[in-house]
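K.L.:
Spelled out, the chains give:
Number of protein chains: 2
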Amino acid sequence: MTRANEAWESLMKAYAVLMKQFNAEDVWGDLTMREYDVLYQLSKCDSPLRMGELNRHVLLSQPALSRMVERLVERGLVERCPDLGDRRGVRLTLTPAGRETQRAIGRPHARSVARALSVLTPEELEQLAAITGKLSQSEE
Amino acid sequence: MTRANEAWESLMKAYAVLMKQFNAEDVWGDLTMREYDVLYQLSKCDSPLRMGELNRHVLLSQPALSRMVERLVERGLVERCPDLGDRRGVRLTLTPAGRETQRAIGRPHARSVARALSVLTPEELEQLAAITGKLSQSEE
DNA sequence: TTAAAGTAGATGCAAACGCATAGGTCACTA
DNA sequence: TAGTGACCTATGCGTTTGCATCTACTTTAA
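So the protein sequences, as listed, match chains Z and R. Residue numbering for the first sequence follows the numbering used here, beginning at 6 and increasing consecutively. Residue numbering for the second sequence follows the numbering used here, beginning at 6 and increasing consecutively.
None of these hints come from the bench; they were simulated from the model. Bear in mind that the values here come from a model prediction, so they are computed numbers and not experimental data.
If several chains are the same, the list does not tell them apart, and a pair holds so long as it fits within one copy or across any two.
Using 30 Å as the maximum straight-line C-alpha spacing, the simulated DSS-like pairs for lysine-lysine come out as follows:
{"id": "1", "residue 1": "139", "residue 2": "49"}
{"id": "2", "residue 1": "18", "residue 2": "49"}
{"id": "3", "residue 1": "25", "residue 2": "49"}
{"id": "4", "residue 1": "139", "residue 2": "25"}
{"id": "5", "residue 1": "18", "residue 2": "139"}
Modelling step: build the complete structure from the supplied sequences, incorporating the hints.
P.N.:
Below you can see the structure in the form of structure tokens.
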């Protein structure tokens with residue numbers, strides 16, 4: 006077992022433990038964490054996001070994301086317009102209601118995250134962000 | 006946005022990017038990554054594992070894990086015996102076929118992991134393992 | 001000793017998922 | 001400019017998931 010494998014296993018375990026903890030918190034309203042993640046990704050970009058671009062940031066298959074977006078559109082949280090430049094594509098934006106929902110959930114969730122990571126020193130937080138940033142950059 | 010939130014978001018992104026990459030690799034045979042994860046967790050402990058214990062390490066609900074184990078038992082990869090000490094419980098072990106399957110998949114997958122993390126220095130690997138270890142320890 | 005509360009895992013059921021593939025559009029070449 | 005292949009999103013379909021609940025067993029305490 007190499008150092009690399011140990012590090013990856015440790016990362017996976019931390020991810021699983023924290024995800025379970027966050028999921029158990031009572032902040033999600035009638036959204037799932039995955040649905041919230043989609044709203045959050047959209048909230049970060051003010052320019053409309055393409056489906057494929059969104060899919061790169063979300064751990065879902067392309068068809069599953071397509072249908073999740075459809076449900077979010079039906080619920081009035083996301084807007085789906087045709088992309089004028091590329092008529093195969095779709096542009097996604099949050100509706101005002103979607104933005105409000107994202108914020109209402111995001112605030113308490115961000116506090117949970119901060120609490121869960123409060124066992125790390127500021128230096129460790131920097132290192133963690135730098136190292137994981139390096140990992141995701143190298144593969145895209 | 007605090008440092009903690011940035012670090013968590015960066016960790017999630019690295020997890021998503023690498024998981025997608027690993028999932029796309031052609032090493033899983035007729036198992037899903039989740040099924041492999043269950044076999045892997047079982048392969049780490051030679052003493053039979055309890056369902057609930059296994060569930061703590063796998064990102065699945067208790068009913069979903071129960072049924073996944075059932076399928077793995079039907080496929081002859083996992084054995085489920087009653088726990089003599091606590092007759093509510095179940096003890097899980099890999100069958101020889103399950104152990105062989107885990108190894109056959111684990112070898113090439115471990116190489117993929119090593120390759121994906123090869124952008125990190127040995128020191129960064131140590132830091133990543135230490136920091137993520139601290140995160141999962143603090144919550145259990 | 002027995003009733004009440006708690007815990008481990010299984011099951012019914014609707015919702016969501018992934019795989020394969022289809023439909024429609026773009027880009028490049030002949 | 002028509003044809004070919006790549007690309008983007010949607011849809012059919014069988015499988016898997018989560019939530020709520022159930023049964024069976026253990027633990028606590030009266």
